[in-house]
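K.L.:
The chain contents come next:
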Amino acid sequence: MIFNTISGRRRAKKILVLLVSIVVLLYLLAPIYWVVVSSFQKEIALQDRPPHYFPSAEVFTTNHYYFIFTGVIPPNSTIMLQSMYTMRGTLVYPAIINSIIIASIVTIINVVVGFPAAHIFARYRFFGDRKVFLLLLATRLLPSISIVVAMYILLLRLDLLDTKLALVGIYSAITLPFTIWILRAYFHNIPVEFEEAARLDGCRYIRMMTKVVVPLARPGLIAAAIFAFMASYGEFVFATILTQTIRSQTQTAVLASLSQGMSTSRGMIAAAATLSILPPLLLAIVFRKHILEGLTARLGL
Amino acid sequence: MQSPYERKRFRQTSLFAYRIILPSLVFILFFIAYPLLYSFIVAFKEYKYGVPTGKIIWFQNFIDIFTKSTVAPGFYNSLVVTMKFTLVAVVAVVVISLAIALLINQQFRGSGLIKVALLLPYAIPGAVSAVIWAWIYDPSFGVMNGVLNGLGIIDEYITVAADPRWALWAILFAYVWKFVPYSTFLFAAGLATIPSSVYEAARMDRAGSIRAFFKVTLPLLRPVLQMVLVIQTIFALVMHFGLVFVITQGGPGDATRTLAWLVYVESFTFTRFGRGAAMAIILALIMIVFIYLYLVVLNPERRLKRREAP
Amino acid sequence: MKKRHMLGTLLVSSFLLATAGCAPAAEPAEAPEPVVITVEVPVVVEKEAAPEEAGPEELAPLGPVTLKFAGWTYDLEKVQQNSDKYVDWVAEQAPVPVDVKIDWSDAGFGEFDTYVTTTFAGGNSFDVLYGSDHWLAKWAAAGWVVPVEDYFPEIRDYVTDIAPYSVEAMTYDGKLYGLPYYTDVMYFFYNKTMLEEAGIASPPTTWDEVTEQSLILMDKGITSQPFMVGLKAGAWFDEGFFALIYSEGADLFDENFEPIFETDSGPVYDMIEYIAASINDTGIVPTKVLEMTAVDVQQAFKNGDAAFVIVPGYMVREFNTPGISKVAGQAEVSMMPGATHATDGYSRMYVMGNGALRDEATKVASWELIEFLGGKTTVDGETGYQIAKRWAVENGLGFSILSLWQDPAVEKAFSAMADTSVMQAQKELAISKDGISAPWFAEWISYVRTEVQKALLRQEPTESVLENIKQQWLDLKAE
Chain A
1 MIFNTISGRR RAKKILVLLV SIVVLLYLLA PIYWVVVSSF QKEIALQDRP
51 PHYFPSAEVF TTNHYYFIFT GVIPPNSTIM LQSMYTMRGT LVYPAIINSI
101 IIASIVTIIN VVVGFPAAHI FARYRFFGDR KVFLLLLATR LLPSISIVVA
151 MYILLLRLDL LDTKLALVGI YSAITLPFTI WILRAYFHNI PVEFEEAARL
201 DGCRYIRMMT KVVVPLARPG LIAAAIFAFM ASYGEFVFAT ILTQTIRSQT
251 QTAVLASLSQ GMSTSRGMIA AAATLSILPP LLLAIVFRKH ILEGLTARLG
301 L
Chain B
1 MQSPYERKRF RQTSLFAYRI ILPSLVFILF FIAYPLLYSF IVAFKEYKYG
51 VPTGKIIWFQ NFIDIFTKST VAPGFYNSLV VTMKFTLVAV VAVVVISLAI
101 ALLINQQFRG SGLIKVALLL PYAIPGAVSA VIWAWIYDPS FGVMNGVLNG
151 LGIIDEYITV AADPRWALWA ILFAYVWKFV PYSTFLFAAG LATIPSSVYE
201 AARMDRAGSI RAFFKVTLPL LRPVLQMVLV IQTIFALVMH FGLVFVITQG
251 GPGDATRTLA WLVYVESFTF TRFGRGAAMA IILALIMIVF IYLYLVVLNP
301 ERRLKRREAP
Chain C
1 MKKRHMLGTL LVSSFLLATA GCAPAAEPAE APEPVVITVE VPVVVEKEAA
51 PEEAGPEELA PLGPVTLKFA GWTYDLEKVQ QNSDKYVDWV AEQAPVPVDV
101 KIDWSDAGFG EFDTYVTTTF AGGNSFDVLY GSDHWLAKWA AAGWVVPVED
151 YFPEIRDYVT DIAPYSVEAM TYDGKLYGLP YYTDVMYFFY NKTMLEEAGI
201 ASPPTTWDEV TEQSLILMDK GITSQPFMVG LKAGAWFDEG FFALIYSEGA
251 DLFDENFEPI FETDSGPVYD MIEYIAASIN DTGIVPTKVL EMTAVDVQQA
301 FKNGDAAFVI VPGYMVREFN TPGISKVAGQ AEVSMMPGAT HATDGYSRMY
351 VMGNGALRDE ATKVASWELI EFLGGKTTVD GETGYQIAKR WAVENGLGFS
401 ILSLWQDPAV EKAFSAMADT SVMQAQKELA ISKDGISAPW FAEWISYVRT
451 EVQKALLRQE PTESVLENIK QQWLDLKAE
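Chains as they are written, first to last, in the numbering used here: chain A, 1 to 301; chain B, 1 to 310; chain C, 1 to 479.
If you are wondering where the hints come from, they were derived from the structure by calculation, not from laboratory data. Please note that the accuracy of each hint is not assured.
Unchecked claim - Straight-line alpha carbon distances no greater than 25 Å define the calculated SDA-like cross-link-like pairs of lysine to any residue that follow: (1) Lys-115(B) to Phe-60(A); (2) Lys-45(B) to Asp-48(A); (3) Lys-45(B) to Gly-143(C); (4) Lys-164(A) to Ile-158(B); (5) Lys-326(C) to Lys-45(B); (6) Lys-13(A) to Ala-284(B); (7) Lys-42(A) to Lys-13(A); (8) Lys-42(A) to Ile-32(A); (9) Lys-470(C) to Leu-103(B); (10) Lys-45(B) to Asn-124(C); (11) Lys-470(C) to Asp-270(C); (12) Lys-131(A) to Lys-45(B); (13) Lys-45(B) to Leu-87(B); (14) Lys-85(C) to Asn-303(C); (15) Lys-14(A) to Lys-55(B); (16) Lys-289(A) to Leu-103(B); (17) Lys-289(A) to Leu-36(B); (18) Lys-477(C) to Thr-67(B); (19) Lys-13(A) to Lys-55(B); (20) Lys-68(B) to Glu-394(C); (21) Lys-45(B) to Leu-476(C); (22) Lys-101(C) to Glu-293(A); (23) Lys-14(A) to Ala-201(B); (24) Lys-220(C) to Ile-158(B); (25) Lys-470(C) to Ala-192(B); (26) Lys-131(A) to Tyr-34(B); (27) Lys-164(A) to Gly-108(C); (28) Lys-192(C) to Ala-425(C); (29) Lys-211(A) to Glu-293(A); (30) Lys-470(C) to Phe-75(B); (31) Lys-289(A) to Lys-68(B); (32) Lys-42(A) to Asn-303(C); (33) Lys-55(B) to Glu-394(C); (34) Lys-68(B) to Gly-108(C); (35) Lys-68(B) to Glu-463(C); (36) Lys-55(B) to Leu-474(C); (37) Lys-115(B) to Lys-131(A); (38) Lys-164(A) to Leu-36(B).
Because the structure is a prediction, the values reported are computed rather than measured.
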């Protein structure tokens, strides 16, 4: 038996690792592959059994994307297919823009507000510091569905339902604890020596933060910003319940409502999903190092 | 902190610190704490057609949830479904992500590729992943049916979302896909801290790799394992909402009516905001138990290394 | 608006206070105050800025007015065109000219009741909106929609030209609330070619025959999912479910809204048991119908998947049109199987929201919009049911306007679709949903959907499901 020799065992192990890796990669990537591939197939081809796993030129089309951006139903398609295009598909692009606007503002708030707060928690001892910090942690763990009903009624009373402002506020509140949490852990890994032991006043503090702390903490700050962006970009519960029209609807809300009808064009839904995942995927790939570091920073390992 | 000078300085520091953290607190107080308290007010009120009738009925909504013949069975069922889902989801996520983390830890060519691949499901918004999976599960044209049929496992295209035997597990499968990467990263980071000398020592003892895993790796991973367990429990209790919303809408029948979904249905389908808020509070209470567990188990207080001002 | 600003100011100021540290020393004591201010904002809901009062000159059109118009998503291109036409018409040709802009918003049919409920419950409103028979009682009882005849008595002139069941569907507490958008009934369609292939001479007339014929079709490999009716737990469930139970002669409530259906036998029980057996035992109904709406069933039939379907009339138009349907020329309508062959009839309508009452110009413009869409108007010298006719001819939407049947264009469009004599006969056996004029019907039926699904899946015995839905009805009634 080859398994009895050391080199044989090593080879067997190599093969095993390879096989498992392929299975894992398939599980992780196949769904994404399939949605992207579907978005480029003609609607009629998507109804074929078996499906076109590796689409040929005959089934290729960019019509679904064309429809989303222009509202023009694919030319030359039969009327049966035409009836599957709902005009709500054209909301996908503005909804993605809404999502990006909201997520960007939330990210800025996190950086401007959360970063100094994390610094304070990491560096200073003050009245009630631990209690306030625990409060922050606790709110992060509260399920959003638990407050959404009350939030809905509150926003109704404040005439803030279906506004971007409400979502910005809520998402800031959800993301800030996490930002503060991971940045605080990050500060613990930065030597304190560079920071000036000056009397605390606003002017000096701001100067110190921008001149000294931000450059040192930049990787952590980027990671925190990415997390805040992705969390607000992909949030679903508030986005679907507290919005009604495209004035404030985000891509998750539009996409979820699009996918409700089984007779809606699947190709269009796939195209919408593909467009929706582009921004976070790009971010994740570009900033992968920061994300991995950020995710594990608070383990304190 | 004895001398008057120090006390004064502490006061000054505190004032300054609160000025800096104030905006964060305002957001959190206004958008989380206030609605949370307000939901008690809502829960004590009677609502009809989405409008408060003006009657304060105190705990009647809670009593209804536990006793009323048209409400209580659905509520208990949702508890069962939620717990079933949570239990299986946590075990599945932990086992799979630990396995993948061990795989990555082999440091072979291609482990970097797996890391990048893991980032993708992690980065995709939950609701969008639900849309993707709904399309995969599609009873008429879904690729899952295509694959199973091609492999000869099924003869006919089947539905999973409308089949009470499969619906919850279909949700679970999609859920695991989305949440495995996060835990994997945590485990991988934990594994990376275990020095290779520990393994060499184990090899000296002629321990097999499986034995080494249980004798060496697992005990050293315990802190990470605890953390993943608790975080995953908290996630599994609520983060399935988008999947249920998109794939099954709580159906068929009540097969995927989790507590989170029930809160939504009571509040926004039946517009019984009072009862919905009461259920939301119950859900929050269940969560608080877990949060407490979290704080005790992981004890972040101990980790809060306080430092004096520089 | 003010409140919105206040919140913004609160956030911005707290933000500046802390981060723009160079500002003069802040007094922290003041800090938490803004939160309190916002909390105590009075609960007055502010209306949209009221349009200016009508100008002094009598000849100038009223307004300008922005009408908030809401409906569910269906052929929005045509809705847009119709709205544009109305805006032109109402500015110059209407009896009372008004300068109008339309602010349209829509939600899916399945979510529309929730959308309307949350809008009105939040103190906002629409001026004109789509309505449906199963929501009207709830909306009217809550005061969200107003009886048009109180303000524009001339609406009663339409009563003689609208089928009585449809008038009834638009009436609450004796008052007429709107004009029809479209009305339709659920029909039983079958694929003639499939039956011929299986050697079946005539379509089924009882539910047992449906089973027999389906089993033959399955045996011969003609189709594996012969019979479909959309039972997804949403608004379409109601039409499918009521069509099924009416076909066996179900009667749910008496005139005092007392439930009179039996829970361990009778037509309701039998039909639930029948569909449950069809899903679980005989397999003639695929389980996926529990995630399908009538629209999805229509799609499946056009694809040639199903042999028997229950769908609303307006979907029929597409069955036999080549290019639209894979089964063109094979679809035939038949009377609903069952003991009484009765079916479910439903009405969708245009109603007036309480927002329309905010001033005279809005009120007039709202009524003129309802009449333009649902009634008879004169456009460019031509008098007729402009929009209802358009929906009927171009989209095949059913209608309850009696005089429209005389219109040759309508006649031609409909006879091309299917056997109009069978459809006519079926229409006469259509029943408006029982108990629909009870304000709690909307909530009750949402409960029924999930409960009946449980029985269909045999998760719970039919008896206890029927006990539950009866109890729920009584509970809601007692409230």
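K.L.:
Each hint: holds or not?
P.N.:
Taking the hints in turn, this is what the structure says about them:
no.: 1; hint: Lys-115(B) to Phe-60(A); verdict: 31 Å, violated
no.: 2; hint: Lys-45(B) to Asp-48(A); verdict: 53 Å, violated
no.: 3; hint: Lys-45(B) to Gly-143(C); verdict: 21 Å, holds
no.: 4; hint: Lys-164(A) to Ile-158(B); verdict: 41 Å, violated
no.: 5; hint: Lys-326(C) to Lys-45(B); verdict: 55 Å, violated
no.: 6; hint: Lys-13(A) to Ala-284(B); verdict: 47 Å, violated
no.: 7; hint: Lys-42(A) to Lys-13(A); verdict: 44 Å, violated
no.: 8; hint: Lys-42(A) to Ile-32(A); verdict: 18 Å, holds
no.: 9; hint: Lys-470(C) to Leu-103(B); verdict: 57 Å, violated
no.: 10; hint: Lys-45(B) to Asn-124(C); verdict: 21 Å, holds
no.: 11; hint: Lys-470(C) to Asp-270(C); verdict: 16 Å, holds
no.: 12; hint: Lys-131(A) to Lys-45(B); verdict: 32 Å, violated
no.: 13; hint: Lys-45(B) to Leu-87(B); verdict: 34 Å, violated
no.: 14; hint: Lys-85(C) to Asn-303(C); verdict: 36 Å, violated
no.: 15; hint: Lys-14(A) to Lys-55(B); verdict: 70 Å, violated
no.: 16; hint: Lys-289(A) to Leu-103(B); verdict: 19 Å, holds
no.: 17; hint: Lys-289(A) to Leu-36(B); verdict: 37 Å, violated
no.: 18; hint: Lys-477(C) to Thr-67(B); verdict: 19 Å, holds
no.: 19; hint: Lys-13(A) to Lys-55(B); verdict: 70 Å, violated
no.: 20; hint: Lys-68(B) to Glu-394(C); verdict: 50 Å, violated
no.: 21; hint: Lys-45(B) to Leu-476(C); verdict: 17 Å, holds
no.: 22; hint: Lys-101(C) to Glu-293(A); verdict: 54 Å, violated
no.: 23; hint: Lys-14(A) to Ala-201(B); verdict: 23 Å, holds
no.: 24; hint: Lys-220(C) to Ile-158(B); verdict: 20 Å, holds
no.: 25; hint: Lys-470(C) to Ala-192(B); verdict: 62 Å, violated
no.: 26; hint: Lys-131(A) to Tyr-34(B); verdict: 18 Å, holds
no.: 27; hint: Lys-164(A) to Gly-108(C); verdict: 21 Å, holds
no.: 28; hint: Lys-192(C) to Ala-425(C); verdict: 20 Å, holds
no.: 29; hint: Lys-211(A) to Glu-293(A); verdict: 23 Å, holds
no.: 30; hint: Lys-470(C) to Phe-75(B); verdict: 19 Å, holds
no.: 31; hint: Lys-289(A) to Lys-68(B); verdict: 54 Å, violated
no.: 32; hint: Lys-42(A) to Asn-303(C); verdict: 16 Å, holds
no.: 33; hint: Lys-55(B) to Glu-394(C); verdict: 50 Å, violated
no.: 34; hint: Lys-68(B) to Gly-108(C); verdict: 32 Å, violated
no.: 35; hint: Lys-68(B) to Glu-463(C); verdict: 18 Å, holds
no.: 36; hint: Lys-55(B) to Leu-474(C); verdict: 21 Å, holds
no.: 37; hint: Lys-115(B) to Lys-131(A); verdict: 37 Å, violated
no.: 38; hint: Lys-164(A) to Leu-36(B); verdict: 21 Å, holds
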